[in-house]
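Residue numbers (my numbering), protein chains in the order written: chain A, 64 to 239; chain B, 64 to 239; chain C, 64 to 239; chain D, 64 to 239; chain E, 64 to 239; chain F, 64 to 239.
Check before you lean on any hint, since a few could be wrong.
All copies of an identical chain are treated as equivalent in the list; a pair is satisfied when it fits inside any one copy or across any two copies.
Stated by the list, open to error - Simulated pairs of lysine-lysine, DSBU-like, Cα-Cα distance not exceeding 35 Å:
1) K79 <-> K223
2) K181 <-> K87
3) K223 <-> K152
Hints are computed from structural coordinates only; laboratory data are not their basis. The structure presented is a predicted model; accordingly, all values stated were derived computationally and were not measured.
Listed here are the chains, written in short residue letters.
Number of protein chains: 6
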Amino acid sequence: MAVNADDFFKAANLDKPMDTMKSKVGSNVTLINVMQLPGPNTLGISLACIDYAPLGQNPPHTNPRATKILTMLERTLYVGFVTSNPDNKLFAKVLNKGDVFVFPHGLIHFQFNPIYDKPAVAIAALSSQNPRAITIANAVFGLKPPISDDVLAKAFQVQKGTIDWLQAQFWENNHN
Amino acid sequence: MAVNADDFFKAANLDKPMDTMKSKVGSNVTLINVMQLPGPNTLGISLACIDYAPLGQNPPHTNPRATKILTMLERTLYVGFVTSNPDNKLFAKVLNKGDVFVFPHGLIHFQFNPIYDKPAVAIAALSSQNPRAITIANAVFGLKPPISDDVLAKAFQVQKGTIDWLQAQFWENNHN
Amino acid sequence: MAVNADDFFKAANLDKPMDTMKSKVGSNVTLINVMQLPGPNTLGISLACIDYAPLGQNPPHTNPRATKILTMLERTLYVGFVTSNPDNKLFAKVLNKGDVFVFPHGLIHFQFNPIYDKPAVAIAALSSQNPRAITIANAVFGLKPPISDDVLAKAFQVQKGTIDWLQAQFWENNHN
Amino acid sequence: MAVNADDFFKAANLDKPMDTMKSKVGSNVTLINVMQLPGPNTLGISLACIDYAPLGQNPPHTNPRATKILTMLERTLYVGFVTSNPDNKLFAKVLNKGDVFVFPHGLIHFQFNPIYDKPAVAIAALSSQNPRAITIANAVFGLKPPISDDVLAKAFQVQKGTIDWLQAQFWENNHN
Amino acid sequence: MAVNADDFFKAANLDKPMDTMKSKVGSNVTLINVMQLPGPNTLGISLACIDYAPLGQNPPHTNPRATKILTMLERTLYVGFVTSNPDNKLFAKVLNKGDVFVFPHGLIHFQFNPIYDKPAVAIAALSSQNPRAITIANAVFGLKPPISDDVLAKAFQVQKGTIDWLQAQFWENNHN
Amino acid sequence: MAVNADDFFKAANLDKPMDTMKSKVGSNVTLINVMQLPGPNTLGISLACIDYAPLGQNPPHTNPRATKILTMLERTLYVGFVTSNPDNKLFAKVLNKGDVFVFPHGLIHFQFNPIYDKPAVAIAALSSQNPRAITIANAVFGLKPPISDDVLAKAFQVQKGTIDWLQAQFWENNHN
């Protein structure tokens, strides 16, 4: 099949602010990966532009197949990741425009816009053509059928009622 | 340095039941990895023997660097893993003695002993000499200092009070 | 195609003793790999349960694509591997129930049940979804058509008659 | 050694325009790699912010260890890469703000700002923590001691005088 | 499909001198790779036999996917490679019959027969089943349509007329 | 530390016939690997020149870490490899000057010079900077201390007396 320059190109409109209001967590992730860009099929890299509403966040999640390197394009984010067992230590930082932060492969991480009246914008590169994401809250509490509340009550050391409450929320991913 | 057969050997006493009562979640993971076994330093594999108290569990966690293949040695487990976004679908199964189950690389998974009066035992192999583990509840709610409750309240779509309650529990890993 | 939990599951009956009498070397290897378990297609791991007749063995062989980590489930084995040229040193050990031993990638290795009246059982994990095996005796002497006895007589530094005798034995693999 | 959040952070001032006038080709590459950011030592990713003077360029070069994914932040670039032998076909495109383009691993590529009175800015992610760069003109003509002009005259099918002229130019890398 | 010994075999006539006169640079590369040899499809290696006319050369090029190890079979070559930015240092050597030289992955390199009346022969192995080659002169100046002379004039720091002259030469690859 | 062209160079005298008479199997392998050539430390390739006495051989062995591609430089060899279990099929071929043959990663293989009065010469490239070799006869029968003859008698389906005879031969590797 003929391949041409368009297979390596995406008019991604990354400069246009995305609607972050449809998401309960207040953010929108525009991922440019192997699905949108046939060229880099086996090239080991993808890109995401992330818009954050005021007080919006990209909630705690993992990328099971990729390290992420994030650059602040507009305003401010409070970001962090948590190291693996047994330490589970939080590495967190406030980022301003032009700052760079790395989220290591597989660890739980988040970004949060602490400003109450201004959106924030960041761009992230990921070391996989198909990095996948697992949003923790959704993958633990937002399933239908759910994980048994016997399991989750003990895992989170709370009453089953608390688990049932959590499972009753409406869960929606801000990204795929 | 001289290397000998003992670098490839571990008298692991995997046949002795471990104490699962010290753990709030009711399980004990004995991991045989590169730390205990100098030989397989770069060999890409490790092994865990897991004891489950009655109603005990190996709570929802990820292995960020490994796929796990588990074999039931004694009695019964209810096990499952959750696929990545956007589906977050639960793949679950009841395992009996002699059954085998695979947990794919990086996905959230758990094992639960549904029997109220009998322990269970399983053995697991992992496709890394240092597979690491991230216990979800601990890595999200059990940190000191914590992740800000502003972040977690929105991520889990609950009141800050619920997050504060979760963060006040005592968190202890059942494995490293 | 729809994937479901059964693609990650195998009712392997690993708890049932296998018939080790059909094999001249007195062992049976039940391999759970990518053929039996569609899920772990690219996941880099497989599993084998091995039954040993009294005085039975898993004869000298290599796994050209995998390291193997073995755990004793029942009784005793004498195991070993041989390092590569020029040392060709034997690393051997007697394993009892609950012990663990690692056979590095690509090296010639074996397991032998030294007890004259009791079977032994072990479980092994391999760092490949398709580890392959090469049983040395069979791959050198058990071919039809054979490797020329001119080649083998010089390689083994014996008379052609000895080679011809070896090639006349009936060769049967105890595992694939 | 203690690792902390600063090992994953770089106050890169990527929002400040860099001086592109010191470079004869009219561009400046600010690379954030393993040297500036100890955290991602083995994480397989790095980042570059590139400023282009009016009519400036990032001249034809290869990244021998990485694929590059570039996003336009400000204004316009004419970009392209050349496929390997025997086709040596140019894949080229004009990028505007918000557009994305991928340069495959190891191929010769360039970016050029075609606007005579305005700078351009792009951000690039590379699939290696140490991607290296080879600027073609410099690596062929800018060496001291040089590659013999007997070799280069035949390779470029020109008189030795033309090669000597090329070698007499002053060569300076716009990036490392 | 049935595979047999012929899939691993190539009657390559590597002992017959090839015609090096058809090439303007005076060399012929006979590459034995995955296209000629179906067996080593994923085996990570290929082989090239290279004939050099008197004063012929294998001109500056890169192998974007492979390291090359070259052995002199007949007479003499002057060979070299250039390190990546910022050093761009030439590592060069004269090779005689029986000598070995390594060209690292991705770097620009060449071989030149400095003898005015005798051909030379070398054999090279490459660490990829499909190593690819990029002949620098051809991939920069020999394209139709060409890279804009605005870009190349500044990149090579010469007048557009010089670039136009270079682009007007007839470019032909001595190997694929 | 300073690296220079000599780190990538070896005056290997591969054009000089080696003494093949010191080896009982009648061959000499001159391996150029990471030990002789510091440059290609992580470059994934090495090279061997192999001399065969009349009726000499490179006896059945594996390279546990590499695929080998062999080119005939002088005269004739009968070569082959054996596929893994359960087929253990011989893929064999007679090679003449200029022919090429590939031995896949990890499989048992050999080369034999069938001419009673003339030496043969071949050159081989291997897809690892440290390919290792395991000569089967030596690694099974030539150990001190030996593998128990209880194990080997059953594995090779012969009397212990035959094993003891084999173990009493003097074993010497023709290569490392």
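Hint check:
no.: 1; hint: K79 <-> K223; verdict: between (44 Å within a copy, 33 Å between copies)
no.: 2; hint: K181 <-> K87; verdict: within (17 Å within a copy, 40 Å between copies)
no.: 3; hint: K223 <-> K152; verdict: both (28 Å within a copy, 21 Å between copies)
Going down the numbered hints, you'll see the structure goes against none, and every one checks out.
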